[in-house]
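Protein sequence lines, in the order shown, are assigned to chains A, B, C and D. Residue numbering for the first sequence follows our numbering, beginning at 2 and increasing consecutively. Residue numbering for the second sequence follows our numbering, beginning at 2 and increasing consecutively. Residue numbering for the third sequence follows our numbering, beginning at 11 and increasing consecutively. Residue numbering for the fourth sequence follows our numbering, beginning at 11 and increasing consecutively.
Read the hints as simulated data drawn from the structure, not as lab findings. By construction, the Cβ of each residue, glycine as well, lies at the ideal position given by its N, Cα and C atoms.
Listed next, the in silico DSS-like pairs over lysine-lysine satisfying Cα-Cα at most 30 Å (straight line):
# : chain 1 : residue 1 : chain 2 : residue 2
1 : B       : K70       : B       : K94
2 : C       : K107      : B       : K94
3 : A       : K70       : B       : K79
4 : B       : K70       : A       : K70
5 : A       : K94       : D       : K107
6 : B       : K79       : A       : K3
7 : A       : K79       : B       : K70
8 : B       : K3        : A       : K79
9 : D       : K60       : C       : K60
Okay, the calculated bits of chain A under chain B, using three or more residues with CB under 8 Å as the criterion:
#  : stretch
10 : 7-17
11 : 25-33
Cβ pair distances, simulated, as ranges:
#  : chain 1 : residue 1 : chain 2 : residue 2 : range
12 : D       : K107      : A       : L36       : 26 to 32 Å
13 : D       : G43       : C       : K16       : 53 to 59 Å
14 : D       : D84       : B       : L36       : 44 to 50 Å
15 : C       : S63       : B       : S62       : 24 to 30 Å
16 : B       : E4        : C       : E61       : 34 to 40 Å
17 : B       : T10       : C       : G19       : 50 to 56 Å
18 : A       : G63       : D       : Q48       : 36 to 42 Å
19 : D       : A81       : A       : L36       : 32 to 38 Å
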Amino acid sequence: MKENYLLITFPSIPENVGLARVIVASFAAQLDFTLNELEEIRVATSEAVSNCVIHAYREQSGEIQLELKIQDETLSIKVIDGGCGISDLDLAKTAAYSTDPERMGLGLVFMESFMDQMTIESQLNQGTQVLMVKKPERSKDSNDDGQ
Amino acid sequence: MKENYLLITFPSIPENVGLARVIVASFAAQLDFTLNELEEIRVATSEAVSNCVIHAYREQSGEIQLELKIQDETLSIKVIDGGCGISDLDLAKTAAYSTDPERMGLGLVFMESFMDQMTIESQLNQGTQVLMVKKPERSKDSNDDGQ
Amino acid sequence: MNLELKQNGRVLTVVVSGELDLSTSPDFRRRIGDELEQNQGIQHLIFDFKETSFVDSSGLGAILGRYRTIAKRDGKVSAVNVPPHLVRLFELSGLLKVMTIDPSLEEAEKYD
Amino acid sequence: MNLELKQNGRVLTVVVSGELDLSTSPDFRRRIGDELEQNQGIQHLIFDFKETSFVDSSGLGAILGRYRTIAKRDGKVSAVNVPPHLVRLFELSGLLKVMTIDPSLEEAEKYD
Ligand SMILES: Nc1ncnc2c1ncn2[C@@H]1O[C@H](COP(=O)(O)OP(=O)(O)O)[C@@H](O)[C@H]1O
Ligand SMILES: Nc1ncnc2c1ncn2[C@@H]1O[C@H](COP(=O)(O)OP(=O)(O)O)[C@@H](O)[C@H]1O
Chain A
2 MKENYLLITF PSIPENVGLA RVIVASFAAQ LDFTLNELEE IRVATSEAVS
52 NCVIHAYREQ SGEIQLELKI QDETLSIKVI DGGCGISDLD LAKTAAYSTD
102 PERMGLGLVF MESFMDQMTI ESQLNQGTQV LMVKKPERSK DSNDDGQ
Chain B
2 MKENYLLITF PSIPENVGLA RVIVASFAAQ LDFTLNELEE IRVATSEAVS
52 NCVIHAYREQ SGEIQLELKI QDETLSIKVI DGGCGISDLD LAKTAAYSTD
102 PERMGLGLVF MESFMDQMTI ESQLNQGTQV LMVKKPERSK DSNDDGQ
Chain C
11 MNLELKQNGR VLTVVVSGEL DLSTSPDFRR RIGDELEQNQ GIQHLIFDFK
61 ETSFVDSSGL GAILGRYRTI AKRDGKVSAV NVPPHLVRLF ELSGLLKVMT
111 IDPSLEEAEK YD
Chain D
11 MNLELKQNGR VLTVVVSGEL DLSTSPDFRR RIGDELEQNQ GIQHLIFDFK
61 ETSFVDSSGL GAILGRYRTI AKRDGKVSAV NVPPHLVRLF ELSGLLKVMT
111 IDPSLEEAEK YD
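Chain A on its own, in the form it takes in the complex:
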C-alpha cells in the first residue's frame, strides 16, 4: 500500500488521549516501523494531544483534529486545536518550560526528539497546529522508490 489518510475529530477530554494513541499507532503500523519507533510515535502523539486538552482549551472543552497521512513511506501527523494559541514558540519549545507549575515542560521536547521533524504554527486565540513527520529507519536504507 502506497498512500493512505485518516482524518479524525474528537472532543478535548483526557479519555481521548489514549484513543488517539491507539488510532495513530494502528495507522502507523501500515508502514515498516519497529516496535521501538511505534513507541516513540505513541509518546509524541500523546504529548501533542494532551497539550490540546490541557493548554489549548484549559477548563473548557473544544475540538481536536488529527490528520494522519502516509505518503512516500512516510507518516505525517497533524494535530490541530482551535484553542488559546502560543505566544512565544521558542520559549514553549525550551526544555522544562511550562506555563503550568505541575507539569514538566517536556512535551514539545519529546515530540522533537522522537519524530524526524516537528513544526508548530500558532496564532493567539485562534489555535495551534503541530506537524510531526517520521519515516521508518528500515525504509530509509532502501531506495527511495520503496520496493
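Put chains B, C and D with the ligands on the given structure of chain A with help from the hints.
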C-alpha cells in the same frame, strides 16, 4: 465519562477495514461492554465498512465516514458512503442475497443480529448510511441514569 | 494474516493466524487455491483456527470457496481449535453444514 | 491504569500496571498522595514498572511529584523492572537524577 464522539474520514481501501475495527473497538471500550460484545461490534463494523469498499465504490476509490457516539451509555456507529446506493433495501437485507457471486450475502444479517438496532438509508447514486446502535447488557440491568 | 500449509498424505492442514477479512482473504484464496491446484492428490482440508483473531463474512466466504474444490474431490473440510466467537459465526453462516468442527487435529487427521 | 500498594516497614512499593498518562495520572497522584499523608512512617518509595505499558510526560510529572514528598522525609525513590522504552524516557526527563533504577525489588527493599 458520560458523552463522547469521534468523527473519522478515510479512503475506501481494504487495508482500512481493520483500522476501522481497531478504532471502533477502542472507542467502544469506554463503555462497559464484555469481550464478547466487543467482538460482535468488531464484526458489525467490519461488515459495514467492507460493504462501502466492495459495493458502494466498486473499482473506484471513494471516501468513507465513520461517526461514533457515546450517549446515555449507548454506542452508536454511523457508516456513510457516497457510493452507488442500494436499490432494494429489503432484498439487500435478505440472508444469502448478494449482488456479488463470490460473497455470502451475510453482512447485513450479521450487522442486524450483532447490534441492538440497525437502520439503513440509501439513495441510488448518492450513497448509503448505516446506523448501528448497541448498549452493554450490563448497563441495561442497572438504572437508566447510570451510576 | 499468516498461513502455514502442511501436507500429510491426502490431507492439507492450514494453520490460520491473525485476521481473515476483506484485505487478507484474497491472499488466503490464492495461497490455498494454488496448493490445491498444484497438488491434485490432496483430498481433505483441515483448518486450524487456534491463532485466528478475527473472521468476518469476507473470511467465511473465502473458507467456503475452498470447500467447493474439496467437494469436487469427494473430500472433507474440517476445523480444529475453533475459538468460541468463531463457532457462533460458523453456525450463523451455515458453514457448519459443509464443514465439521473436530475436537483435535489428531481426530481430524483420521480422514486420510 | 491499576495501582497495587504494599507497605513493608518504612518502604511503600507501588506496582503500576497499564498506562500512566493525562487521564490516569490524577488518580496516581491522589492514591499515592493519600497513602503518604495518612502514613507518615513511610520514608522510601519503590515503583515497580513491570506491567506498565505506557508513560508520557504527564506520567513522569506525576512520578516526580511523589518524589518531592519523599525528599522532605529524607527518603529515596527507586524504580524496578523498568522496560527499555521507559528507561529512555526516564533518562531524557532527568528523572534519574532523583530516582535510582534498581536491578530487583529485593535490592530496592534494602533501603528499609
Ligand atoms: N496546543 C497548545 N495550545 C496552547 N499552548 C500550548 C500548546 N502546546 C503547548 N503549549 C504551551 O507550551 C508550553 C510547553 O509545552 P510542553 O513542552 O508540551 O510542556 P508541558 O505540557 O509540560 O507544559 C506549555 O506549558 C503551554 O504553555
Ligand atoms: N454500502 C453499500 N453500497 C451499495 N450497496 C450495498 C452496500 N451495502 C450493501 N449493499 C448491497 O447489499 C447486498 C447485501 O449486502 P451484505 O448483506 O453485506 O452481503 P455481501 O456483502 O456479502 O454482498 C450487497 O450484495 C450489495 O448489493
